[in-house]
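Undergrad: Below, each chain spelled out in residue letters.
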Amino acid sequence: MKQAFLSIPRIALTSVVVLLAVTGCQKEFLDRKPLGQLTADTFFENADQAVLATNAVYQKYRDFDVIALPWIGLTDIISDDADKGSTPTDALYMVELDELTFNATNTAMTSVWKGHYVAIARANLAIERIPGIQMDETLKNRLVGECKFLRAYSYFLLVQWFGDLPIITKPLTGDEYYAQTRQPKTEVYAQIERDLQDAIATLPEKSQYGAGDLGRATKGAARGILAKLYMVEHDFAKAEQQCLEIINSGEYSLLPKYSDNFLRVGENGRESIFEINAAALPTPDAAGPGASPYNMVQGVRGVPNLGWGFNRPSDNLVSSYENGDPRREATVIYVGEVLPDGVTQVKDNLEIVNERFNQKAWVPAHPGLQDNGPGNIRVLRYADILLLAAEALNENGKSGEALVYINQVRKRARGSSTLLLPDLTITDQSQLREKIYRERRSELAMEQHRWFDLLRWGRAKDVMIGVGKNFIENRHELLPIPQTEIDLTEKKIGQNKGY
Amino acid sequence: MKQIFTKSNFWRTGLLLFLLLLTGALNAQVQIQGHIIDQATGESLIGVTVAEKGTTNGTATDLNGDFKLAVQSGEAVLLLSYTGYTPQEIAVAGRTRIDVAFAEDMTTLNQVVIVGYGTQRKSDLTGAVGSIQGDKLKSIATVDVAQSLQGKLAGVYVSPGSGEPGAAAVIRIRGTGTLNNADPIFVIDGMITYDASFVNPQDVASVEVLKDASACAIYGARGSNGVIIITTKSGAKRGNALISLNSYYGTTETTKRIDLMNAAQFAQSYNELTNSQYFPDPASLGEGTDWQNEIFRTAPISNIQLGINGGSERYSYNISGNYFNQSGILKNDELQRITVRLNNTFQVNNWLSIGNNLAYSNVKRDIAPAGVIGSAYRVPPTVTPKDAAGNFSDPTSPYGLAIANPAADLFYRSNNSRANDRFFGTVYGEITLFKYFKFRSNYGFDIDNETGKAFTPIFQVSPSQIVKDDLLSVRRNQKRDWIWEQTLTFDRSWGETHHLTVLGGYTAEQRRFEFLEASRRNFPGTIDDLLYLSAGNDTTQANSNGANDEGLVSFLFRTNYTLFNRYLFTVSARVDQSSRFAEGNRQGFFPSFSLGWNAAQEEFIENLGWFDRLKFRFSYGILGNQNSIRNRYYPSLGVIRSGLYAIFGAGENLNQGATLVDYSNPDLKWENARQTDAGLEIGVFGNRLTAEIDWYNRLTYDIIAAVPIPDYVGSGSAPLVNTAKVRNTGWDITLNWRQAGRFGWNVGAILSPVKNEIVSLNDQKSEVFGASIQGEFATHSVPGEPIGSFFGYKTNGVFQSVAEAQASPRLEGETAGDLRFVDLNGDGKIDATDRTQLGSPIPTLTYSFNAGFDFLGFDFSADVLGVTGNQVYNAKKAARFSVYNWEASVFEGRWTPENPTATKPRITNGGHNYRVSDYYLEDGSFIRLRNVVLGYNLPLQVIQRAKLSKFRVYVSGTNLWTKQNYSGYSPEFSNADNPFEVGIDNIGYPVTKSWQVGLEVTF
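Sequence lines, in order, name chains A and B.
First residue of the first sequence? That's 1 in my numbering, and the numbers climb one at a time after it.
First residue of the second sequence? That's 10001 in my numbering, and the numbers climb one at a time after it.
These are computed hints drawn from the structure, not numbers from a lab.
Because the structure is a prediction, the values reported are computed rather than measured.
There could be a bad hint or two in this list.
[Unchecked claim] To give a feel for the contact side, a few chain A residues facing chain B, derived at Cβ under 8 Å:
hint	residue
1	7
2	21
3	101
4	174
5	180
6	289
7	486
[Claimed, not checked] To give an idea of the interface, some chain B residues facing chain A are shown, with a C-beta separation under 8 Å as derived from the structure:
hint	residue
8	10433
9	10463
10	10468
11	10484
12	10486
13	10644
14	10648
15	10655
16	10656
17	10713
18	10766
19	10776
20	10813
Cβ coordinates follow ideal geometry from the N, Cα and C atoms, glycine included.
Looking at chain A on its own, in the form it has when it is part of the complex:
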């Protein structure tokens, strides 16, 4: 084969191909960003994005792990207010809460722990990055204040449940993931207090929000949680001060009718200080974008079939009310009762013995299925603050002033009746304390406050043993830390006593 050593066509063809291939691939070929998605380094560049990031924190409080079975399980069902409810064999980890037989692998602990730390992480990111954005300073401060409020709220729940906690106030990076340790609960309290003080300084009052922003954290809400924190710390002077600030702000008043608080009409009403807003948007079979599962898990099970039927008001709760207290009927749904819609009668469900349901979680017919729950979750009502004010004043030796506030609550509860729930007049500190404690239970039953009240009063053991539960001292005051956290940190996160 006689060939020219160099052949023009071959060289030319090869050169063209090589040239095309090489010029096609510059550095941009390898610099690629997610398509149709923002990334963390390009986010937080304008006011809109600051609002988006803040809204995303609120969203977490409608998730199942934060607001459904784990939430009611670790507040009402674990306490003397409620039994597990539902059918005997549904969601057995909830039975463990009711019977105080849970351990460090119980789903409820893992869920609330994870859920609230996710909310905290979202808040941390917003708190770190929003200040760097060029935007209206008032809005900027408000958004950071909202995130600090939510972060404080999550820490406040966690510290009451678990005690000492890893305190995380900024987004963690890789080398910090496993290195956290539990800080003394006093440090957690201090962190919550700092956040709430900042929130009080920057958040508007409820009335200062535009109509479209109703439901965002307010100065009053931050004061309310701060008051609760002081109550937990038994710093009654500061608690009194915060409660009175709220009362004197003129932002809130009791609704004339107690039961309206739990209906659509009461949502974000005069009595509402903070609630997690939800809505059943007219979409699908699946939960819509504004839904919460809170109503579903507690809904009437059977006929009508509105939900799963968890959180049964206990016999002890039902018998705890003063004679004829109308709040009992507004709290408990019995078989045979007609629901607040005025039409539907609850039939006996043979699967469940002696069923009752939480009326405060009832919602009227709405688009979508049960899981498209529209009810706002009432976190803090003005009545709660009045009773805290009464409690703090009484502890501070101001029984007379305390009576003013507890009687406001009783007056509203009795409505037009002249016989029921008469005004209290006792001024003996310890007798009044008992009255206030009982009033709190009646007023706030099935609203997920009872367990925390029992803990801060130091009464959990006596009360639980009183209702036949095996409350073990130095164990059940705190929940166990999820086992996975202990395993993953190789015990840098330690377990609570007794578990």
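Once you've looked at the hints, dock chain B against the given chain A.
TA: Leaving out everything else, chain B in the frame of chain A:
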């Protein structure tokens, strides 16, 4: 070249050629006779095929080794073929008597093996490469060529994963090398892909598996889990066209059913559990419903393939069409596939050749809701599928279960289909640039357009099995991948002394994926003709669209040098730059070298007269594993998640929310593996006995894995980190005895022992957990143990009495009838510190044996394969949330007050008896008759009257017999691609067995 070939006139040309040859056969004929003997032994050979080249004319030697054949002319050429012998061409050259001494096939030495970016003679190979011809794979009835590799090659572990039609096999080459995705890559006719499911097994010419660093280094960043090269059939430059038809039909079914509680047993256990007499007379309920019968079926499988193959000195073509149809063993489940392939080569002139390998596949899947397999396992047997009125029964009542009626789900939720149009192929041009230099440009593409459609009508079976609003959703997924490779090869021999090949190349690659989904509700009817979005209510519409992409730029280099055909040297390397990593960590360099010594060619070995083949090989190199981030396109960038809505305002307005949900790792870098390989190849007794033995040691380091992080971090998922070192050491052993002749037979064994061990974890960790089951980790990975070892409590029987329980250390109030956990650290209590290593999910040995024979037209082959040394965690048995049905083994022999000496715990729901413990661990070893085939070739004398050159009928069976100790469907199940969860059975689509009858005709 005068003729310009376009796709359309291929067929015409081929057909024309064919007709021409047929008419040629009718011309004046010459009678030839002859006698054929074995070259070595002088024995007469019976049944040797003697055919006239370029025709369908042929015969076979008789019992004396004689043949007679009438050929067209004295110019004819005879083709001799015989199992185990080298095919031979003999020109008639005017003779009428032709006697032949036929030689046994010794060509394994000269066999050409496909390696990355080139080919090599097997004798020159210095890397560890497993090779198998396509015809050895086609007897397994499967749509996926990877499935057919099971048990065929040493060091290649294949698990079917699932019996779902079209399910991808899980493949591990030389053990599990990483904590993340350990799948090898596929290179199909030069195009790299992760999904070879479109390849029709009957189009495959050969499969090469690159196993060691030397062979894989040319694939650099994607080589560390091994490389599977699939080469499809090309046309033979023989002049005539061969038209072949290959078809089979068969049935598939489950290999095993789980023995579930019957209605009487369930009722009894329900009473015990709820401490009630809910069922007054459990025994009267009898068998009840075995829900497995309601969802499974014996399903047909069929295949038909038509191909034309031919060519001339200047071009070649292979054209095939195939239709495959497999119904799932799950009702309403079906896969249909059409594939078309066009493979061509053209020698354009004396310096340019071009060619293409083009495939089109159309897959249509009707998808049954696979969740029914889990619900059939759990739904009470006391419920009938339908009530007396013919409506689907509500299984939630009266038990209060959130469980679906699987028969109803199958009925209402099966209107779900997916269709893929996939174009996959390569086109290339090759220029002989100067003497010894060749330039090649190869463009590969993979375009996959997927359309999906699912409709759920309004229905209600129970409060939890309900659809209030019908929903139609449609989906368009589009994949666009391309690779463009430029290589320059220098190839020169200096006599028999030196042979040098040098390859250099530059490649660029882009992969892109985009999806578009939309849905509406409230359709005016449910007939298929109506089910298009526009018919739905436009106020209910929803849509989404997104995409991701990646780029890869690489430089590659390889040199092979052979001295005296005996001393072999290879050096290869690749540099990869990937868009998946941040700029500073983008580049990876992956070098390797290897040495070989063909000792059999040394005079002093030859003089011994023992070895027909004796070769030593050694290789060492570093490979990357980009596959570990295969589904994470931007792992170092935190992606903002939107759709996190908040509700505010009196009007309950939806406010958009967005934030970082899943944390990322900006410092992520390449995962690498160092691999050493030492190999030995032996052929003795005239190459009748061959052995290939490799030892390897692969150390994977900077392993990328999504290691669980504490929940307090608040990330939605664990980011990827470089985390660990894992060592796999093992042996690939292949032994074969092959006897040629009238009764040709072969036996072989493949043994692949492997030891998997974590060497170290990164400095932050001394143990990595995985597979959370009910709030508790079920596996952990620690140095010195295999990846994903089972981790939990040891048990020691059952407490027989309350007193016994109370006297023992307990976890949480165990009582009579509960499992007794072992107090391993002897501190008098059972707690988390008593958990320990329970076993390994990774087989320590996989093996297979094969045997076959040919005799008087009959052919037979059988493969047996097995694994041993692994365990399985029966999580479906352990997972309890409510009163569901159980396996019968839970009921039979359980502890009851009346049976206080039981070894099995009492029936409970949830709680300590379901904690992760060795009680749920079962032996995962099995041995299986993978494949058995019996075929019969009609004698040539008979078929040539019908102008046929081959007519074979066969029966074959796959997975017909399995011996397993595991109580589930199979110890091979579908989450096998996650190393942390590889042995956890949560119940999936079971592996199937099948029978087929088939027909092959060539004319």
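Undergrad: A separate judgement is required for each hint: does it hold in the structure or not?
TA: Verification of the hints:
Taking 8 Å as the C-beta cut-off, the interface hint given for residue 7 of chain A holds, the closest approach to chain B being about 7 Å. A cut of 8 Å between beta carbons decides the hint on residue 21 of chain A: the least distance to chain B is about 5 Å, and the hint holds. The interface hint given for residue 101 of chain A holds, since its Cβ lies 7 Å from the closest Cβ of chain B, which is under the 8 Å cut-off. Nearest Cβ of chain B to the Cβ of residue 174 of chain A: about 6 Å, under the 8 Å cut. The hint holds.
This hint holds: residue 180 of chain A has a C-beta 6 Å from the nearest C-beta of chain B, less than the 8 Å allowed. Proximity of residue 289 of chain A to chain B holds as hinted, the smallest CB-CB distance being about 4 Å (cut-off 8 Å). The criterion of a C-beta within 8 Å of any C-beta in chain B is met by residue 486 of chain A, whose closest approach is roughly 7 Å, and the hint holds. Using the Cβ-Cβ criterion of 8 Å, the hint placing residue 10433 of chain B at the interface with chain A is satisfied: the shortest such distance is roughly 6 Å.
Among the interface hints, the one on residue 10463 of chain B holds; its C-beta lies about 5 Å from the nearest C-beta in chain A, closer than the 8 Å criterion. For residue 10468 of chain B, the interface hint holds, the least distance from its beta-carbon to any beta-carbon of chain A being 6 Å, beneath 8 Å. Given hint, residue 10484 of chain B at the interface with chain A, holds; its Cβ is 6 Å from that chain's nearest Cβ, closer than 8 Å. A least Cβ separation of about 5 Å between residue 10486 of chain B and chain A falls short of the 8 Å threshold, and the interface hint therefore holds.
For residue 10644 of chain B, the shortest C-beta to C-beta distance to chain A is roughly 4 Å, which falls under 8 Å, so the interface hint holds. Among the interface hints, the one on residue 10648 of chain B holds; its C-beta lies about 4 Å from the nearest C-beta in chain A, closer than the 8 Å criterion. Interface hint at residue 10655 of chain B: satisfied, since its Cβ lies 5 Å from the closest Cβ of chain A, which is below the 8 Å cut-off. Hint on residue 10656 of chain B holds. Least Cβ distance to chain A is approximately 6 Å, under the 8 Å limit.
Annotation: residue 10713 of chain B was flagged as interfacial toward chain A, and the flag holds, the nearest CB pair being 5 Å apart, inside 8 Å. For residue 10766 of chain B, the shortest C-beta to C-beta distance to chain A is roughly 6 Å, which falls under 8 Å, so the interface hint holds. With 8 Å as the threshold, the beta carbon of residue 10776 of chain B comes within range of chain A, its nearest partner Cβ sitting at about 5 Å, so the hint holds. The restraint placing residue 10813 of chain B at the interface with chain A holds, with a minimum CB-CB distance near 7 Å, inside the 8 Å limit.
In summary, the structure agrees with every hint in the numbered list given earlier.
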